[in-house]
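Once you've looked at the hints, go ahead and assemble the two chains, each given alone in its own frame, into the complex.
Just so you know, the sequences run in chain order L and E.
Take the first sequence: its letters are residues 1 to 258, numbered as in my numbering.
Take the second sequence: its letters are residues 259 to 425, numbered as in my numbering.
It is worth saying that the hints were derived from the structure and are not from the lab.
Among the hints, erroneous ones may be present.
[To be verified] Straight-line Cα separation of at most 30 angstroms, DSBU-like style, residue types lysine-lysine; simulated pairs:
(1) LYS361/E <-> LYS71/L
(2) LYS340/E <-> LYS361/E
(3) LYS413/E <-> LYS67/L
(4) LYS67/L <-> LYS77/L
(5) LYS77/L <-> LYS340/E
(6) LYS340/E <-> LYS413/E
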Amino acid sequence: MPVANIQVSETLLVLYALRRADDALILGHRLSEWCGHAPMLEEDMALSNIALDLIGQARELYTYAAKAEGKDNDEDKLAYLRDVRQYRNLLLVEQPNGDFAQTLVRQFFYSAFADLYWRAMMTSRDTTLAAIAAKSEKESAYHLRHASEWIIRLGDGTDESHARAQAAIDHLWAFTGEMFAVDEGERALIHAGIAIDPATLRGRWLTTLSDVVGEAALVLPQNDWMQQGGRAGRHSEHLGHLLSELQSMQRTFPGQTW
Amino acid sequence: MVTVLDRDSQLRRRAWDAAAGVVDPEIPVLTIGDLGVLRDVVLDGDHVEVAITPTYSGCPAMNMIALEIEVALERAGFHRPKVRTVLSPAWTTDWMSEEGRRKLRAYGIAPPQASNSRRALFGEQAVTCPQCGSENTELLSEFGSTSCKALWRCKACREPFDYFKCH
Numbered sequence: 001m002p003v004a005n006i007q008v009s010e011t012l013l014v015l016y017a018l019r020r021a022d023d024a025l026i027l028g029h030r031l032s033e034w035c036g037h038a039p040m041l042e043e044d045m046a047l048s049n050i051a052l053d054l055i056g057q058a059r060e061l062y063t064y065a066a067k068a069e070g071k072d073n074d075e076d077k078l079a080y081l082r083d084v085r086q087y088r089n090l091l092l093v094e095q096p097n098g099d100f101a102q103t104l105v106r107q108f109f110y111s112a113f114a115d116l117y118w119r120a121m122m123t124s125r126d127t128t129l130a131a132i133a134a135k136s137e138k139e140s141a142y143h144l145r146h147a148s149e150w151i152i153r154l155g156d157g158t159d160e161s162h163a164r165a166q167a168a169i170d171h172l173w174a175f176t177g178e179m180f181a182v183d184e185g186e187r188a189l190i191h192a193g194i195a196i197d198p199a200t201l202r203g204r205w206l207t208t209l210s211d212v213v214g215e216a217a218l219v220l221p222q223n224d225w226m227q228q229g230g231r232a233g234r235h236s237e238h239l240g241h242l243l244s245e246l247q248s249m250q251r252t253f254p255g256q257t258w
Numbered sequence: 259m260v261t262v263l264d265r266d267s268q269l270r271r272r273a274w275d276a277a278a279g280v281v282d283p284e285i286p287v288l289t290i291g292d293l294g295v296l297r298d299v300v301l302d303g304d305h306v307e308v309a310i311t312p313t314y315s316g317c318p319a320m321n322m323i324a325l326e327i328e329v330a331l332e333r334a335g336f337h338r339p340k341v342r343t344v345l346s347p348a349w350t351t352d353w354m355s356e357e358g359r360r361k362l363r364a365y366g367i368a369p370p371q372a373s374n375s376r377r378a379l380f381g382e383q384a385v386t387c388p389q390c391g392s393e394n395t396e397l398l399s400e401f402g403s404t405s406c407k408a409l410w411r412c413k414a415c416r417e418p419f420d421y422f423k424c425h
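With the rest of the complex left out, here is chain E (with noise of 0.2 angstroms):
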């Protein structure tokens, strides 16, 4: 009996590293271990099930992510894996990881601060400049070259950057 719950741990434990390791293809220094995406892997015999949740409602990475998902799945030697995307509870930016807000930071853009920012209707954001960290910088345009961003630029450096919107 121990044994058998150890296999399945065991296969689980990969199927998940496998999902995990999939790349946002818009920003590829992210994992959607990373991101907080990857929900859920449900292991029945071999067959596995992922579980996904959508960042934006019309983010078009999400069935590239999917399809990616399925790809890794069966590299890691699971057969017609499925992936199921959840609504219900809504991504957040709060789930991101600390690894991948480091990552974020070391690729260029700004990484997420607290959600509850974004209900201020006109706000003071102070948006750190990830390329010289100056706090001097201000805001080009509430939305930027993918769903997840803004377009920022630093006083300081000069230079414009992009920022992953709390969400």
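Bound-form chain L, shown alone (with noise of 0.2 angstroms):
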């Protein structure tokens, strides 16, 4: 028997929390593919702490999505019961884990964010957003300086490493725009004094990414043409698949608990 998606009545509140806990849900269970994979045993331990903390924020932020929306809904169902269309990740956060230096990229420049915008969120007039922010800005604290240590390990690395990071540098870059960008129903609540807004982030954001590119010897791309999508559910193939399996137990034992 298929499972039911479930429907969530998106107000602009719903919304902006459900894209919230789709990044951190989606960059945690990348994160996890790594466990039992990664190149070293402290380097597997850091990757699945990091997926832990991002899950973590990703179960406050459906908890609150589902309470904000009043229905039937709670954090499990939203995670395990909606569909690709449904999902509002950025596109950045759902890009396959590639080789090791396309994963501490893509960590980089979203942990690079993340710890700019958590930080700006302990300000929101919505309490439980702000007190939200209050522990993922902590959170991401660790996860940015971790990221940016591996960027400079690997630029400054070998022939080899800086290669790949430079290839993932530059395939990755095209993907993060879309953090910046805002449509009319979050304008309304950056107004309101809910939300903030990210396009105020983007010079401290590059400025961090500069730095540290920068020492380790890398180079940022030039283009500025910046994929988008995912904030309205229209994603790159691999969001699927990777939801096929966050939620294949789900969908073949309809409510299973531990």
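Written out as structure tokens, the structure is:
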């Protein structure tokens, strides 16, 4: 028996929380794919730890989205019973792990943003979002430091690691613009003091990137054409495959618990 | 009136002590009182509600801790106690008691330092070895066996050790 997708009444606030929850869950799931496969034990633990932080953040955000919606949904239903087009995460976070450099560059781009974003969101007028932000910003600071150190180690390492890190930067760059874009609904939340305008973070984000990438002897691409669509539910082919694994248990055994 | 107040404050004290004595399943020398995880105990008649704050967003120990609190309160005579999670203000290692820090060190885990050291992107940290007391130590990995710990090594006694990260 196939399990039907849930319907979500996406008010502005529900959609806003869902988008951030989806970012955290999908990136956390991607990182968890390294568990048992990382190049060394310490890194296996690090990536799993970061995955755990992100999935924890996702749980808080899904719980809040469900509460804001006020229907029958909860964190599990939101994670396990929505299909690809209902997911609203950034295209960046669903990109495959690729090699180790690609995983770390993806993490670096996201963490450099998340660190600024959560710190800014601590001033949100929405007390739950502000509280989630206060927890998340502490975690993102560690994630950023971890990724930054790896970018430098890879870029300033061997010819091989340098080439792979540069290739990852060039490949993932077009997915970074979406982090700073807002639609009309989010614009309204920004005016209400519930959300912050991510465009105001881009200058500092670029400074962090330039500092680290410069020290790593790598370069940032000059092209500014950006791929978008994730926030509106238009995803790359990779997300469907990811969800089929993430959701397989609940789709096969509906309502199953540990 | 005085006796009623006394009775309530005694009951609350008893509930607080029962909850505060629950140990962290990952670091069994620390109680949630030591950790600063226990935030509030509210008494309504004989019914008790406890507020705790999560350490890390994804820390799996939190579910276990909530369950242990319920068991401890039941044992102390409070029926069907409730455990509520509060997110704000966010937990910080600055709330860890001196007693907690001492116990951690004795257990072989370097206690957390002041939380402002977290922000330094590549800042030098000096973590003292809990085994021999040397400051000649190095970071092996930012992430350790649990969310709250990093892995360090002492260059003086050569022992690897866990460091409870500041948060």
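So, going through the hints one by one against the coordinates:
1. LYS361/E <-> LYS71/L: It is violated: about 46 angstroms lies between the C-alpha atoms, which goes past 30 angstroms.
2. LYS340/E <-> LYS361/E: holds, 29 angstroms
3. LYS413/E <-> LYS67/L: Distance of about 51 angstroms is beyond 30 angstroms: violated.
4. LYS67/L <-> LYS77/L: holds, 13 angstroms
5. LYS77/L <-> LYS340/E: Satisfied, since the Cα-Cα distance of roughly 24 angstroms is no more than 30 angstroms.
6. LYS340/E <-> LYS413/E: violated, 47 angstroms
Checked against the numbered hints given earlier, this structure breaks hints 1, 3 and 6; the rest are met.
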